[in-house]
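Work from the hints to combine the two standalone chains into their complex.
Chain by chain, the residues run as shown.
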Amino acid sequence: MSLPVGRAGGIPMTQILSIAQVTWREAVRNRVLYSVLFFTAALFLVAGVLDHMTLGQSGRVVLDLGLAGIHLCGAFIAIFLAISLLTRDIARKTLHVVLAKPVGRTAYLAGKYLGLVFTLGVLVAVMAVALAGFCLVLGQTPGLAYAIAAGMIWLELAVLTAIAMLFAAFTGPFLAGMFTLGLFLIGHLSRGLESLGAESGDPALAAVSRLIHLALPDLAVFDFKPAALHGTLPAAADLGLALAYGAACAVVLVAAASLIFTRRDFR
Amino acid sequence: MSDTPAIRLEGVGKAFRQGFWLRPQEVVNQVSLEVPAGSLFGYLGHNGAGKTTTIKMLLGLIAPSRGRVSVWGGPPRDPRVRRRVGYLPEQPSFHDHLTAAEFLSFHADLCGIRGEAKHRRTAELLDRLGLAGTARVPLSRFSKGMLQRIGLAQALIGDPDLVVLDEPMSGLDPVGRKDVRDLMVELKGRGKTVFFSTHVLSDAEAICDEVAILVRGEVRSKGCLTDLLKPQVTEVEVSAEGLPAGFAVAGIDAGVVDGTLRARVSAADRDPLVRAIVAAGGRVTGVVSRRESLETLFMHELSAVERAG
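Sequence lines, in order, name chains A and B. Numbering that gives the first Met the number 0 puts the first residue of the first sequence at 0, with every later residue one more than the last. Numbering that gives the first Met the number 0 puts the first residue of the second sequence at 0, with every later residue one more than the last.
With the rest of the complex left out, here is chain B (with noise of 0.2 angstroms):
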């Protein structure tokens, strides 16, 4: 594997100018990152946080204020740096008065590929993104989840070697999803670098090597996901059942309705009040252990943020 990272991300900036007279805001700021070859990449952040302006400025498409971007070591203006990038938008828009099959095969053209690669590429794609039936339907008549898998499949097209995908879940349902995700593992599987945007922090917690959380244009973390995430119980959640009224165990919060207690505590408490409730004649009907997870790290970042305004 290449010791050139994917990306590289130096103290970059962006600024826009939202009218004439008024000062440029700043949408991305003093974002450095290094995302490794052939990681599985997750860029979190809410709403608004500057992720797809961060993912433009990867692509070429937007310039940076300040700071320095590279992809595979070179400008991602460079057509040589992209021919090794393929690219998913958020809420994708093609050219929809082509079909299926001459969409990919446009995309194939602009990718370089030529004759028969290039309709065997497009056959295959199309077949391995549930599409093979479509080949000859126009994308107008696409539905949302289609686009979204035509979406990928042009961005599979030249077989690249970085996957940048912006919010690729967004808008799909549970299978469409957990398709996608299957799709990043298996591209990670096959060597290929993957990037991708999101504020479903499930996503990339199942499945992410390493992240970095935007907050308001800012990194706020980065690494790998067994370093921000601290290992150890930080709450357990008890329930239990058959306990008489008025069972209370002092220093623990652990109210019973109708003989029956669900209370989540810390993981000192979780043995004292196991021993209570055997004690009192009840039966424990689950011990869940809890530890810190994304959305915990991350509602935390967020709140670090708003907090000093």
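Okay, chain A solo, but in the shape it has when bound (with noise of 0.2 angstroms):
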């Protein structure tokens, strides 16, 4: 029997889109995923328990705790599926096989990256429909104010997943794990440490707290939970920051990572 014969003549984005799609089918087959779902739904039910022993607050603790819970979980989940889907692929040399194709290096991580911020957007949009669903059991009616809330977590996970790609593309998951770990935590806080800096009256004190807050990513700009909880709707241009902030960030980190990946060496 002879070789069947093809040809082949594509363009990089049906190859990104493809590998979008990979990954996203790896992720949703991973078992570390429902167990965080059922994490969050346990969180939910616990919020519930809460929101009876409260007077007068009826839905504010569960839609207060569940918000917290979606950021949270989705902040775990993107960490985790960020480093262990690209670290496995180069430790398994998956990678090999795809990367001897006529695929660029960046084309592969911008799929990656993809696929990945597709799966976080279906994570964050069934939990905070089930969060909506559960709150409306309870009387409280989540408005669009919740809905903002809720797709800026999805921006920040977004932006949290292209700092773990960063770090997952020069070292090994445990370390790229404690990286991004580490700047999710400052990129909380590093308002509030420009605060201090700026009280402290210190001026080299302030200049040093003021460095970081700009040197590192200003997670907190992307929190409308509050606005969410009190049911106003966030300033158009707080809103426009953040998505051209969260948008900016996770260009530069992407295409940072790409910088590292094609100098890289796989053995």
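For the record, the hints were derived by calculation from the structure and aren't laboratory data. All residues carry an ideal CB built from backbone N, CA and C; glycine is no exception. All the given hints hold, so there is nothing to weed out.
For lysine-lysine, the following BS3-like pairs were computed, each having C-alpha atoms within a straight-line distance of at most 27 angstroms: (1) B/Lys177 x B/Lys143; (2) A/Lys92 x B/Lys143; (3) A/Lys92 x B/Lys117; (4) B/Lys117 x B/Lys143; (5) B/Lys187 x B/Lys117; (6) B/Lys177 x B/Lys187.
Partial list, computed: chain B residues near chain A (C-beta under 7 angstroms): (7) Leu58; (8) Leu60; (9) Ile61; (10) Arg81; (11) Arg82; (12) Tyr86; (13) Pro88; (14) Ser92; (15) His94; (16) His96; (17) Phe105; (18) Asp108.
Not the full set, but computed from the structure, chain A residues with beta-carbon under 7 angstroms of chain B: (19) Gln14; (20) Ser17; (21) Val102.
Structure representation (structure tokens):
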């Protein structure tokens, strides 16, 4: 029997989307995902129990704890998936057959990133819809402010994924996880650190704290949870700033990861 | 056929740093070779000789420390060059959450094959490699032989002009080995260039046009098998029976046990030994001439390097 004949002639976007699709499939078949979703559902239930103990705050506690749960669980999943899927591809050499095809390393990372961000988007949407349903049962109607807060959590997770991929591009899973977790915590504390520095009265301390705030990703910019709790819509300028900042961070971080990735030897 | 060689390595070397403070260790050293388009080329060497490192440089997965690597006249890092290359790694590991059809469809996408052509080629390759009934089976359930076959299918999905196979017969049963050998010969028959590494010399001797022998990172011999291997008979195996006890021929080491003789002698000693057997009333049951094999050449090169220290 003769071998079948075919001819190649594709465009990189098809490759990127195909890699994204495979990443999505790999992510949804990961058991960790279901355990974290279970944990989130448990958190909602605990919030429901706590809600009965509060007076005049019906639904607020559920919403507050629920959004915090989506945020933390989402962050855990983002760090875990980004690092494990990328480092596993490298360690198991699954990457080799992909990079031996006419695929640029940047296209590979971009596809991986898009697949992860899409997965996180679906995950946040599922958790947000579940929380909204739970709130409705308790008599609290989450509105547009709630949807915006959930959307911004997703944007933050997209930035966190890019940070994780940057570290995973040059180091092992443990260190990459620790570095990303560190940046996640600092990213939420750097505003407070800057304020403390400014209020200290020490110009050097103020300058250092400001430098830290500017140099590291400011993840607090994506925090729209208070507005969702009060049911007030955030200012358009704040929203625009968060969107632009998130997009810029993601592009810069993925580009930096790609720069490292393209110079790496895959033994 | 194109004049541009499929592969050209010019003084290529690669050193890896094993630890931060340690000096880089040379894995491939001053390798120069040319693989003509349309040939079936065997890259031979013992385990750890540097075969896989060379192959990874051919695919742009590893950058050479020095020298120049070109594939179809271009740098391997260029996706346009890799469009003409198919690759099967040693001990392949794939996205095992995908089914066989999903996996091939993914690799077809990476090669830019779309639509009906993609489905047709996926089905054809699954059929050609004996995996027709496994399209919906996840790769996690595949045996080692099946993984090797699906690995070959992904290497061929883009109909590449150059197929690079790293130890393609590794871990296969005799039927699987024959299938892979037949496939390589078939690819060559279709004008493709096949470059494969192996440490199983009989495989290479059976099908290769040209070989290069790599010993400790250095190419020790290269060229056509007919040029490399001496055509003269180097040894003759003579067997006979019905010989009297104490049968001996002066100057020939040929002992008899229970009237049966089995001796390996030089080509010059063959005729005197056969005449002596007949004269002693014995019956010659076999005379097999041995020529220099790839194995003897390989062992010669290996021992030369070991002697040199």
